[in-house]
Amino acid sequence: MSKVQQEAIKERSMVLQKDMLAKQFTELSMAKELGKKVVYTFVPGNLTELILSFDLLPVYPEINALQSGMRKKSAAYIRDAEKIGFSEDVCTYVKCDIGMMLNGNIGPTGEKLPEPDLLLLSYTGCFTFMKWFENLERLYPGVPVAMLHTPYQEDGKITQDQVDYMVKQLKEEVIPKMEMVSGKKFDMDRLSSMLEKSAKSEDLLVKVLQSAKRVPSPIDAYFAGVYYIGPIFTAFRGTDEAVEYYQELWNEVQERMAAGLGPVTPEGELKEEKFRLVMEGPPNWTNFREFWKIFYDMGAVIVASTYTKVGGTYDTGFRHDPSQPLESLAKYCMGCYTNMNLPQRIDLIENYVKEYKADGFLINSIKSCNSFSAGQLMIMREIEKRAGIPVGFIESDLVDPRYFSYANIKNRLESYFQMLEQRKIILAQQ
Amino acid sequence: MNRLDQILDYCDTTAFDLHFTGAKKWKAEDASRVLVGYLPIYFPREVIHAANGMAVGIMGSGDRKQIIKGDAYYQSYICHLPRGVIEMGLDDNLKGFDGFIFPAICDCIRNLSGMFRVAKKGKFSRYFDYPQNFKTHIGGDFYREEILKVLDDIKDINGIKPDKEALNKSIGLYNINRRLIERIYDIRQTYPWRLSAVETYHVIRAGLAMTVEEHNSILEEVVSIIEKNERGEPMDNIRVVVSGSFCEQPPIGLIKSVEMAGCYIVDDDFMLGSRWIQGDIDDKTDDPIEAIVQAYLNQSTFSSAVYDVGNPKGKRLVELVKKRKADGVIFSAASFCDPALLDRPEMQKECDAAGIPHINFQYHENTGQFKVIKEQAGTFSDSIKLWA
Ligand code: SF4
Ligand code: SF4
Numbered sequence: 001m002s003k004v005q006q007e008a009i010k011e012r013s014m015v016l017q018k019d020m021l022a023k024q025f026t027e028l029s030m031a032k033e034l035g036k037k038v039v040y041t042f043v044p045g046n047l048t049e050l051i052l053s054f055d056l057l058p059v060y061p062e063i064n065a066l067q068s069g070m071r072k073k074s075a076a077y078i079r080d081a082e083k084i085g086f087s088e089d090v091c092t093y094v095k096c097d098i099g100m101m102l103n104g105n106i107g108p109t110g111e112k113l114p115e116p117d118l119l120l121l122s123y124t125g126c127f128t129f130m131k132w133f134e135n136l137e138r139l140y141p142g143v144p145v146a147m148l149h150t151p152y153q154e155d156g157k158i159t160q161d162q163v164d165y166m167v168k169q170l171k172e173e174v175i176p177k178m179e180m181v182s183g184k185k186f187d188m189d190r191l192s193s194m195l196e197k198s199a200k201s202e203d204l205l206v207k208v209l210q211s212a213k214r215v216p217s218p219i220d221a222y223f224a225g226v227y228y229i230g231p232i233f234t235a236f237r238g239t240d241e242a243v244e245y246y247q248e249l250w251n252e253v254q255e256r257m258a259a260g261l262g263p264v265t266p267e268g269e270l271k272e273e274k275f276r277l278v279m280e281g282p283p284n285w286t287n288f289r290e291f292w293k294i295f296y297d298m299g300a301v302i303v304a305s306t307y308t309k310v311g312g313t314y315d316t317g318f319r320h321d322p323s324q325p326l327e328s329l330a331k332y333c334m335g336c337y338t339n340m341n342l343p344q345r346i347d348l349i350e351n352y353v354k355e356y357k358a359d360g361f362l363i364n365s366i367k368s369c370n371s372f373s374a375g376q377l378m379i380m381r382e383i384e385k386r387a388g389i390p391v392g393f394i395e396s397d398l399v400d401p402r403y404f405s406y407a408n409i410k411n412r413l414e415s416y417f418q419m420l421e422q423r424k425i426i427l428a429q430q
Numbered sequence: 001m002n003r004l005d006q007i008l009d010y011c012d013t014t015a016f017d018l019h020f021t022g023a024k025k026w027k028a029e030d031a032s033r034v035l036v037g038y039l040p041i042y043f044p045r046e047v048i049h050a051a052n053g054m055a056v057g058i059m060g061s062g063d064r065k066q067i068i069k070g071d072a073y074y075q076s077y078i079c080h081l082p083r084g085v086i087e088m089g090l091d092d093n094l095k096g097f098d099g100f101i102f103p104a105i106c107d108c109i110r111n112l113s114g115m116f117r118v119a120k121k122g123k124f125s126r127y128f129d130y131p132q133n134f135k136t137h138i139g140g141d142f143y144r145e146e147i148l149k150v151l152d153d154i155k156d157i158n159g160i161k162p163d164k165e166a167l168n169k170s171i172g173l174y175n176i177n178r179r180l181i182e183r184i185y186d187i188r189q190t191y192p193w194r195l196s197a198v199e200t201y202h203v204i205r206a207g208l209a210m211t212v213e214e215h216n217s218i219l220e221e222v223v224s225i226i227e228k229n230e231r232g233e234p235m236d237n238i239r240v241v242v243s244g245s246f247c248e249q250p251p252i253g254l255i256k257s258v259e260m261a262g263c264y265i266v267d268d269d270f271m272l273g274s275r276w277i278q279g280d281i282d283d284k285t286d287d288p289i290e291a292i293v294q295a296y297l298n299q300s301t302f303s304s305a306v307y308d309v310g311n312p313k314g315k316r317l318v319e320l321v322k323k324r325k326a327d328g329v330i331f332s333a334a335s336f337c338d339p340a341l342l343d344r345p346e347m348q349k350e351c352d353a354a355g356i357p358h359i360n361f362q363y364h365e366n367t368g369q370f371k372v373i374k375e376q377a378g379t380f381s382d383s384i385k386l387w388a
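Sequence order for the protein chains is A and B. Under our numbering, the final residue of the first sequence carries the number 430; numbering is consecutive throughout. Under our numbering, the final residue of the second sequence carries the number 388; numbering is consecutive throughout.
Among these hints, one or two may not hold up.
Selected chain B positions facing chain A (Cβ under 10 Å, derived; list incomplete) [said to hold, decoys possible]:
1. TYR127
2. HIS137
3. ASP141
4. PHE142
Think about it this way: if two alpha-carbon atoms lie no more than 27 Å apart in a straight line, the pair counts; the simulated DSSO-like pairs of lysine-lysine are [to be verified]:
5. LYS168/A to LYS95/B
6. LYS95/B to LYS27/B
7. LYS149/B to LYS256/B
8. LYS161/B to LYS27/B
9. LYS149/B to LYS168/A
10. LYS135/B to LYS185/A
Covered, in the sense of this in silico footprint (three residues per stretch, anywhere, with C-beta under 8 Å from a C-beta of chain B), are these stretches of chain A [claimed, not checked]:
11. 84-97
12. 123-129
13. 137-149
14. 163-174
15. 367-373
To be clear, the hints were calculated from the coordinates, so they are not data collected in a lab. Only a predicted model underlies this, so the values are computations on that prediction, with no experimental measurement involved. Note that beta-carbon positions come from the ideal geometry of N, C-alpha and C, so glycine has one too.
Using the sequences plus the hints, can you model the full thing?
Below, the structure is given as structure tokens:
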């Protein structure tokens with residue numbers, strides 16, 4: 001296959017995703033004219049299929065915050081939230097979102113986002129979500145709030161009583177509110193058929209992510225990974241478009257594998273894979289490209305990451321199950337990465353290191369996010385002990401540029417890569 | 001030393017004994033006794049008591065312990081409390097505890113529960129989730145399971161599964177405990193000089209590290225003394241409610257500074273867990289666990305750890321200020337405490353709407369400098385006196 005053909009195919013999944021997003025935001029901007037009702041909700045443990053089964057449109061404040069970060073708008077938004085009393089110390093996603101609302105709620109495409117008709121607080125894996133929605137509830141007085149409390153996997157497993165608790169909440173709290181807002185009756189068959197499509201997309205996503213087990217890896221499972229998870233973590237899980245997108249993406253990855261090619265990056269294709277890393281923690285969005293480039297320049301590929309599991313841990317086997325729709329939604333919510341206890345997180349990372357033949361383990365610790373960050377230093381020690389590979393630690397923030405120091409991060413990473421290099425030499429000599 | 005001073009001295013020592021000597025001595029007296037450490041804020045201690053155990057509050061190491069290892073486990077932008085607790089866990093402080101409970105309050109405490117599991121501390125360590133759904137057959141059922149899991153943990157250790165009578169008896173003892181603590185706050189509402197805020201703090205915090213029976217008898221004595229006898233002198237102070245210090249505790253120097261700056265603290269959320277349930281829990285029931293569940297669902301105080309839609313905390317704070325006839329609110333939260341700090345803007349807004357003046361500051365449990373806080377509280381007090 002010629003290079004030109006590869007480029008054309010490579011771009012198709014990106015184009016598809018871009019089109020999907022453009023359509024979604026246009027629909028959102030016209031929601032009121034189209035008579036569509038809007039639900040604000042979170043990414044981890046989201047109930048996208050359920051929302052879509054009522055023909056409601058989901059909005060994810062975290063995605064807006066992330067986009068604001070990428071578009072260099074977050075600094076001003078955060079400042080505005082701090083002006084009205086939010087402390088410098090708290091989660092910057094929340095402040096960025098509140099700042100965006102204070103500035104007219106203009107979404108990533110420059111169009112105004114519609115106000116919510118329902119606030120669906122799927123409180124999974126992060127306590128701050130609850131605080132975030134209490135604030136949203138006050139910004140939109142009178143808008144109904146549906147709370148879905150997701151119990152934590154404190155014992156390292158999902159128990160039947162937890163599933164029952166969630167299913168009851170779905171039946172008696174969430175679904176009735178969706179029925180009320182949408183004016184439609186809940187349709188279990190429709191939900192089931194969407195979950196079938198979810199599972200198809202999930203199968204394909206897992207294939208894509210696991211392609212990184214190959215040496216050299218055809219993908220970057222962190223920087224590019226955040227694009228791969230986009231549709232399935234947000235408004236498209238359970239749709240035909242998502243299945244089409246993941247089919248296309250998987251085709252491209254297979255072609256890259258067949259051709260022995262490395263990951264595609266904004267700087268071009270990575271020619272030589274020098275280091276394979278497992279990464280823990282979310283990325284920085286304000287300087288995303290610069291951040292990625294540091295790794296590109298060093299020939300480092302992220303072969304597995306935990307961040308790409310915040311919206312579901314499909315690679316460990318979970319699939320939405322059309323035969324048990326509500327139970328499977330409950331299990332999905334409880335299975336998200338930040339809802340797993342610390343020992344489970346450590347085991348998962350240890351397995352990644354082994355299965356993906358990683359040379360090193362790196363943590364990008366996010367100032368904003370206690371859900372991820374509290375305990376990461378212990379994770380680091382444990383992985384070092386158990387996997388015997390060099391571990392590295394850098395700090396930044398999701399959307400507050402004040403906490404991204406390029407020089408600092410670059411210095412740290414350079415010394416880390418030197419360490420990996422030396423280890424490789426020593427291992428080669430043995 | 002008079003009797004009250006003796007009691008206060010004992011409470012001060014017990015409250016800040018980071019080796020929990022008294023509690024460990026109690027356990028050593030009987031092989032079937034279990035010692036369970038729990039973190040802020042609330043935990044239904046009744047159930048542990050009924051199973052021949054003692055639930056000991058672990059409120060951090062404050063400014064009483066040098067943190068060396070703990071800092072290597074936590075980034076600079078995470079609050080101080082968990083680093084002190086992990087330090088205590090890695091040192092000898094918590095040796096002899098059978099298990100640990102981490103009530104759901106935030107992701108730091110949640111993840112700390114996992115760190116205790118990884119470090120293999122205690123025979124069990126459990127994150128104890130509270131329902132954020134307040135319907136009996138939904139959140140209530142879930143909460144019951146949470147309680148039963150802890151009871152199973154204890155049964156695995158001492159073989160005791162408390163019966164109805166034992167549970168009712170324990171509930172009764174904690175009802176007395178809650179009543180006496182509220183009585184102290186009520187007396188202080190009229191006579192705040194009779195027991196200073198720091199003394200009150202010591203008396204209540206000491207109760208986290210001794211049996212409820214002993215604590216009740218101490219509280220009874222304190223109440224009977226301050227109820228009848230004048231002590232201290234009324235000052236021209238303003239009256240404040242302190243809000244936001246429910247988990248990581250402010251250093252004693254901070255509480256003292258606020259008082260010395262001319263503010264009587266007439267209510268606070270320092271030891272919120274001990275005052276969580278408002279009013280009595282039914283102690284003459286066939287299903288005591290259900291009574292504890294119902295109390296949580298329907299009698300909980302307001303807190304940053306609980307989803308409050310329908311009964312917002314800002315409004316409840318304003319009600320508390322009115323009930324205590326306070327002149328203002330001091331928002332005092334641990335640095336990097338997401339739950340407290342994310343609630344603050346809204347609570348301040350409610351205070352503004354009700355015309356209640358307020359100031360705010362942040363602290364670490366081991367903050368050593370209070371000059372700025374004292375000045376701020378002093379200016380606050382002066383301004384209220386001037387404009388009152
Ligand atoms: S604390 Fe972390 S998971 Fe929670 S809202 Fe903030 S960034 Fe998201
Ligand atoms: S002080 Fe706040 S952030 Fe820290 S553990 Fe307590 S509740 Fe969590």
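Against the structure, the hints:
Hint status for TYR127/B: holds, given a least beta-carbon distance of 4 Å to chain A, under 10 Å. About 7 Å separates the beta-carbon of HIS137/B from the nearest beta-carbon of chain A, less than 10 Å, and the hint is met. The beta carbon of ASP141/B comes within 7 Å of a beta carbon in chain A, closer than 10 Å, and the hint placing it at the interface holds. Residue-level restraint check for PHE142/B holds (minimum Cβ-Cβ distance to chain A is 4 Å; threshold 10 Å).
A C-alpha spacing of about 41 Å is found between LYS168/A and LYS95/B, which places the hinted pair above 27 Å, so the restraint is violated. A threshold of 27 Å between alpha carbons decides the hint, and for LYS95/B with LYS27/B the separation of about 12 Å falls inside it, so the pair holds. Of the supplied pair hints, the one linking LYS149/B and LYS256/B is violated, its CA atoms being roughly 41 Å apart against a limit of 27 Å. Annotation: proposed proximity of LYS161/B to LYS27/B holds, straight-line Cα distance about 18 Å (limit 27 Å).
The hinted pair formed by LYS149/B and LYS168/A meets the criterion: a straight-line CA distance of about 20 Å does not exceed 27 Å. Of the supplied pair hints, the one linking LYS135/B and LYS185/A holds, its CA atoms being roughly 23 Å apart against a limit of 27 Å. For the segment 84-97 of chain A, the stated coverage by chain B holds: 8 residues have a C-beta nearer than 8 Å to a C-beta of that chain, and at least 3 were required. Check on the segment 123-129 of chain A: 4 of its residues sit with their Cβ under 8 Å from a Cβ of chain B, so the three-residue criterion for coverage holds.
Check result for the segment 137-149 of chain A against chain B: holds, 5 residues qualifying (beta carbon to beta carbon below 8 Å, three or more required). Counting residues of the segment 163-174 of chain A whose beta carbon lies closer than 8 Å to any beta carbon of chain B gives 6, which meets the minimum of three for the stated coverage. With 4 residues having a beta carbon nearer than 8 Å to a beta carbon of chain B, the segment 367-373 of chain A meets the requirement of three or more and the stated coverage holds.
In this structure, the earlier hints numbered 5 and 7 are contradicted, and the remaining ones agree with it.
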